[in-house]
Every structure is written in structure tokens, then in C-alpha cells.
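Q: Work out the full structure: start from the sequences and follow the hints.
First residue of the first sequence: 2, per the working numbering; consecutive thereafter.
Note that these hints are calculated values from the structure, not bench results. A few of these clues could be false.
Stated by the list, open to error - Taking CB as the label site, the calculated pair distances span:
1) ILE142 <-> GLU228: 33 to 41 Å
2) GLY115 <-> GLU139: 26 to 34 Å
3) THR388 <-> LYS348: 53 to 61 Å
4) ASN354 <-> ARG260: 27 to 35 Å
5) ALA185 <-> ARG89: 37 to 45 Å
6) ARG6 <-> SER398: 53 to 61 Å
7) GLY38 <-> PRO396: 46 to 54 Å
To be verified - As a list, the in silico DSS-like pairs of lysine-lysine whose alpha-carbon atoms are at most 25 Å apart:
8) LYS300 <-> LYS359
9) LYS348 <-> LYS269
10) LYS275 <-> LYS357
11) LYS283 <-> LYS359
12) LYS345 <-> LYS269
13) LYS408 <-> LYS369
14) LYS278 <-> LYS357
15) LYS300 <-> LYS278
16) LYS283 <-> LYS352
17) LYS275 <-> LYS300
18) LYS452 <-> LYS495
19) LYS269 <-> LYS300
20) LYS269 <-> LYS352
21) LYS269 <-> LYS283
22) LYS359 <-> LYS412
23) LYS275 <-> LYS359
24) LYS404 <-> LYS522
25) LYS204 <-> LYS137
26) LYS278 <-> LYS359
27) LYS352 <-> LYS278
Even for Gly, the Cβ is constructed at its ideal location relative to N, Cα and C.
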Amino acid sequence: MGERRTRVRFAPSPTGPLHMGGVRTALYNYLYAKQHGGDFILRIEDTDSHRFVPGAEEYIIEALRWCGIVPDEGVDADGKVVETASERHPHAPYRQSQRRGIYRRYAEELVANGWAYYAFDTPQELEAVRAAAEAKGETFIYNQVSRMQLRNSLTLPQEETARLLAETTDWTVRFRMPENTVVAMDDLIRGHIEVNTDTLDDKVLWKRADELPTYHLANIVDDHLMEISEVIRGEEWLPSLPLHYLLYRAFGWEDTMPRFAHLSLLLKPVGNGKLSKRDGDKLGFPVFPLQWTNAEGEKSRGYREDGYFPEAFVNMLAMLGWNPGDDREMFTLDELVAAFSLDKVQKAGAKFNPDKAKWYNREYLRLKSDEELTDAFLPVLAAHGITVTGCYACPVSADFARKEFSKNYVKNVVALVKMRATFVADFWETAPYLFETPQAYNEKDAAKFWKPENAGPALEVADFIAGFEGPLTAAALEGPMEEFIRSREWPMGKVMNCLRLALAGVSSGLGIADIVATIGKEEVRARMERIMNVLG
RNA sequence: GGUGGGUUCGUAUAACGGCUAGUACUCAGGAUUUUCAUUCCUGCAAUAGGAGUUCGAUUCUCCUACCCACUACCA
Numbered sequence: 002m003g004e005r006r007t008r009v010r011f012a013p014s015p016t017g018p019l020h021m022g023g024v025r026t027a028l029y030n031y032l033y034a035k036q037h038g039g040d041f042i043l044r045i046e047d048t049d050s051h052r053f054v055p056g057a058e059e060y061i062i063e064a065l066r067w068c069g070i071v072p073d074e075g076v077d078a079d080g081k082v083v084e085t086a087s088e089r090h091p092h093a094p095y096r097q098s099q100r101r102g103i104y105r106r107y108a109e110e111l112v113a114n115g116w117a118y119y120a121f122d123t124p125q126e127l128e129a130v131r132a133a134a135e136a137k138g139e140t141f142i143y144n145q146v147s148r149m150q151l152r153n154s155l156t157l158p159q160e161e162t163a164r165l166l167a168e169t170t171d172w173t174v175r176f177r178m179p180e181n182t183v184v185a186m187d188d189l190i191r192g193h194i195e196v197n198t199d200t201l202d203d204k205v206l207w208k209r210a211d212e213l214p215t216y217h218l219a220n221i222v223d224d225h226l227m228e229i230s231e232v233i234r235g236e237e238w239l240p241s242l243p244l245h246y247l248l249y250r251a252f253g254w255e256d257t258m259p260r261f262a263h264l265s266l267l268l269k270p271v272g273n274g275k276l277s278k279r280d281g282d283k284l285g286f287p288v289f290p291l292q293w294t295n296a297e298g299e300k301s302r303g304y305r306e307d308g309y310f311p312e313a314f315v316n317m318l319a320m321l322g323w324n325p326g327d328d329r330e331m332f333t334l335d336e337l338v339a340a341f342s343l344d345k346v347q348k349a350g351a352k353f354n355p356d357k358a359k360w361y362n363r364e365y366l367r368l369k370s371d372e373e374l375t376d377a378f379l380p381v382l383a384a385h386g387i388t389v390t391g392c393y394a395c396p397v398s399a400d401f402a403r404k405e406f407s408k409n410y411v412k413n414v415v416a417l418v419k420m421r422a423t424f425v426a427d428f429w430e431t432a433p434y435l436f437e438t439p440q441a442y443n444e445k446d447a448a449k450f451w452k453p454e455n456a457g458p459a460l461e462v463a464d465f466i467a468g469f470e471g472p473l474t475a476a477a478l479e480g481p482m483e484e485f486i487r488s489r490e491w492p493m494g495k496v497m498n499c500l501r502l503a504l505a506g507v508s509s510g511l512g513i514a515d516i517v518a519t520i521g522k523e524e525v526r527a528r529m530e531r532i533m534n535v536l537g
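A: Put into C-alpha cells, the structure is as follows:
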């Protein structure tokens, strides 16, 4: 049994966008599969015809792809949608709605061997029974006691059962939960768990109305048919684990039953409770990997659109509830595959920390080359009406009037601002003045620094810069410029801030030498003239 | 209500039953710097409570408290 191939699956329901907790579950499944040289399967569990949301499946696929989680098998194997079975995909199709023909006979098999029965209660009848129980302050459970008072194949005469089966379509197949039986289970993360069946109910396994199984049946049948070796899923499934164990027993599949691992939930950063899809925008951070627009046209932000790198997002997510056993925090997907281990997965729920997510992005941003960041910055510049021309080998050029800059100029800017940014979009916010001549000056800063005793010296420093000989680099300029100011015994800070106000419109930010070396002598002169005209 | 799961600084976590309970994020202070940012240094801050086992418990057992999930013809 230990020799069998590792095959795990991620089986989301297309009832909406996948949220980050779902991505984490998919990630852990993926890491486990790859580490064991096995298969990662993406199966779509669309057995609830009422809750189907158009676009959700596509969203799930795109989100996983963005994260670099590519299924070996499933609806999106190797980045291509698989619809039918083939030699390469003998287990297809992977959408449960396309497998509906499979389930009925398994449900019937269970009825035949006494593990299930036909139930003829209509949804309305059950609702009434529940309401009645609630009125008495009780909770109705469909179990070994109550089922004998209801209409089903255990209480009705055989002919009546046959007639209802043939003539009505409201019936279901329900699991016949055994009485007073202790189910002993083992979880890879939580250890040994025991539950008495008397606390469990008779779950619906198959619905005649839409000829579809419920989660429980579909799940067990498909996991068996697809030869799943480990089931790694969310903690919300732990209460139904006894039923699943019993189902494997009922089918006689216990010898190939997968091993189970139930992952703790992702909790919201403040207060208690799990991170839910609705918390999204209220809390000021995305809960979805990608932006999602619902049927009402309301948008929920996504990590991708917010400017997160997929590597940062995945790394952050991996560390939420898992650790490598040492102090390492930075992992590529491949490194995660190598380091991952289910027994290092935390049992308790993990509160998501938005600050840490940002920190990860900052770290990954710094790891990236200036060229890569420049390329990522281009769309942001375009949105601000900046035209970028040329190539990385071309000479540097800047035309502030026409808002036209060479690629190398942009790269110089990126090199200057990358240590101050969390997201690529921050490059612009940090120093718009490296692309646009300041049109206005920060009032507070101007009031504080633009005084005759500072402005005069600042203008003289500008003249010094204009007359500076040799290549105009920050390193070459810095020393002589400071020496120039110092030799005249001017207050360094005040003069510098005055100069920065003229060049940047604000008194704080990048180093003067860096700004000057970037925008060039001509633009420096233009900006000094402009501030004289505006502030006098 | 019932069943199951969980509980180490604010957060994520580390600690064969054995040093002063470590690290990262956040926050605060300091150094460097023309400002801001970076960087570096320092600091704040935790074993939910109570019994028990033990020479010794964050770690094992039990009880209590609190939190979470489940309790649908949803997954």
C-alpha cells in the first residue's frame, strides 16, 4: 500500500471566485504531489446545479495558473482544458457534472447491500419537520431514530417503494448511518480521532431530481476512481470524515482508501472567524488572488491587480500555517516543494497578516532585476501619459516637454526608487518629478524652506551644477557639491531642501545628486527658473 | 444545544521533557544621511487558567475557560 503512486487533488466548487484559503489548499496539495513525484489533479465539483456561477471555473484555473500551480491532470492539465478521457487522461472527465452517469449505480449498490435507502420526503416535508422541531426547541436530525417515522424504503411497503421510485422524481438516496459504532480515524495532521455514529445523520448521497450525487458520494467515488492517495483539504470537512470512512467501508474500498489531512482555516486579521469571501474590501486587503466582478457588477480586488508578485503571494501563503522548521522565510515554488512537509503544518487556524504580505512583496521586488522591474513599470508610465522609447542598449534620453523618455532613462529611475517601493506602481508615486516638471510646490515645504537666505544659495548651487565639468553622475557630483556649500558656510540642510523643493516640488525624497544626475543640467536650469517665477 | 477540532509575544511561528522561551512582521527608540527612505543597532511584548505525572512540563494526562468548524436534496 505504501508503494502506490502519490496522487492528490484540489477539488473546488465553482460557486464563486477561489479565495486565498482555497489557493493555499491547492498549493499544499501541489507541493505534496511534486515532492513525492506524484500527480496534482484539478477536479471541478459542480454537483450543485443551483449554486453554479458562470466564470468561476475559468477564474479558478486562471488563479492557479497565475500562482504557478499547474495541474498534471484535471480540467486544466498542463494549461490545456481536458474534456474527455484519453490515453494520457484515463480518468477524465474531471468535471463532476460530466460524470453524472457514473454515480447512480454506486448509489444503487449501497442500497442493494443495505448501506443506504430511498427517501421520499420532499424538501417541503423536511422543512416542516424541522420547523416543528425548532418550535419545540429541538433540532431535527435525520438519523436512525427519526428515519423510522419518515417515508422511505425502510418504512414503506415494497410495492409502494417501487411505485414511488418509478413515478416520482423527488426522492433521494440516503446513507444508512449505523447505530452506536465508533469510527476510528487517522489524520496526517491531527492524529487519531474517534467519533460515535449516533451523533451523525443520514446524509443524502444522490438526488433523483437532478440525477446528481451530493458532495459526499461524488467525492468518495471520484477519489477512488481517480486513485487518489492523499486527501488534503480544509478543516471544514473534518466533521464529515466519519461518513467518508464509512462510505469507503460500504464500498469495500478500505484497502485503497486515501490518507487524510485536514488543514486549519485561514482567519481574518482582526477579531475571530475564518477569512470569508465577503470580508474582502472592508478590511483593506484582497482576499482573492485575482480581481473578481460579480453578477451585480461589484468588483472585489485581487492580489494580482493590487500589484503583488505571484511568487510573493505564494511564498506568503505557504508560510501561513506551515514552516520549514528553521528560520528561512524566502522560498521559490521549487524550494517549497523540497522543504514542504505535512507534519510541519500547524493545527491551529492562522490569522492572515496583511503587513507580512506587503513585506514579502517588498522583498521580492528587491530581488528582481532593474530591467524586469522597468518592463513592469512601463504600463504604469503609459497610464500617466509617458512615452518610453528605445532599448536597454540605446543611449539615455529625456524630453520633459514631450514626456518622452528612453528605456534606459526609466531603468535609471527604477534603480533609484526600487528600495523605497513595495509595489511597482509605487515607483511613480515615489518620484513623479523624474518624469514631469513640478507644476506646484508643497505649501508647507515652501513656507519652511523657500526664504531668501536659502533660495539665494540654492540658485548658486544650481549655477555650480550648470558649470560642473565631466560626466554628471551622482557619485561624481555629490562630493564637490557639498564642498561648494560647506566652503561658503551655508546651512547644508536648508539649502539642500530648498534645492529639492525646486527640483521635486517637495522637500523630502531622493538625494539631490541623484535627481540632478537623472534629469540633467538643462532640466535643472528649467526648474530653477520655474520656481523663481512661481515663488519669487 | 450536540459533535469534532484548536489555544506560545498584537500577528506568523521556533524550542529530543532540560540554558535567560528564539526568529520574522508590526510598533518604539537610537546610529548613519542634505531631507525622506534604505541599512544597522537596541527595545517593548507570549507559553489561557487549574490540577496531575516527573528531579524537572511550552511539551505528556485530566478538568475548566475561550475560540473555530460542522450540524442542508451546499460544497
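Q: Within 25 Å, alpha carbon to alpha carbon, are LYS348 and LYS269?
A: holds, 16 Å
Q: Has the given pair, LYS283 with LYS352, been kept, meaning a C-alpha gap of at most 25 Å?
A: holds, 16 Å
Q: Please verify whether LYS204 and LYS137 have alpha carbons no more than 25 Å apart.
A: At roughly 23 Å apart (the allowed maximum being 25 Å), LYS137 and LYS204 satisfy the hint.
Q: Just tell me: holds or violated, for the beta carbon distance of THR388 and LYS348 against 53 to 61 Å?
A: holds, 55 Å
Q: Is LYS359 within 25 Å of LYS412, Cα to Cα?
A: holds, 23 Å
Q: Compare the distance between the alpha carbons of LYS275 and LYS359 with 25 Å, and conclude whether the hinted pair is satisfied.
A: Measuring from Cα to Cα gives roughly 21 Å; hence the hint holds.
Q: For a C-alpha distance cap of 25 Å, please report whether LYS269 and LYS352 respect it.
A: Judged against 25 Å, a Cα distance of about 6 Å means the pair holds.
Q: Quick one: are ASN354 and ARG260 within 27 to 35 Å, going by C-beta?
A: Given about 31 Å between the Cβ atoms, the range holds.
Q: Does the Cβ distance between ARG6 and SER398 fall inside 53 to 61 Å?
A: Holds - the Cβ-Cβ distance for ARG6 and SER398, about 59 Å, lies within 53 to 61 Å.
Q: Lying within 46 to 54 Å: is that true of the beta-carbon distance GLY38 to PRO396?
A: Given range 46 to 54 Å: holds, Cβ gap about 51 Å.
Q: Between LYS300 and LYS278, does the CA-CA distance stay at or below 25 Å?
A: Satisfied, since the Cα-Cα distance of roughly 12 Å is no more than 25 Å.
Q: Are LYS345 and LYS269 close enough, with their CA atoms no more than 25 Å apart?
A: holds, 22 Å
Comparing the model with each earlier hint shows no violations; every hint is respected.
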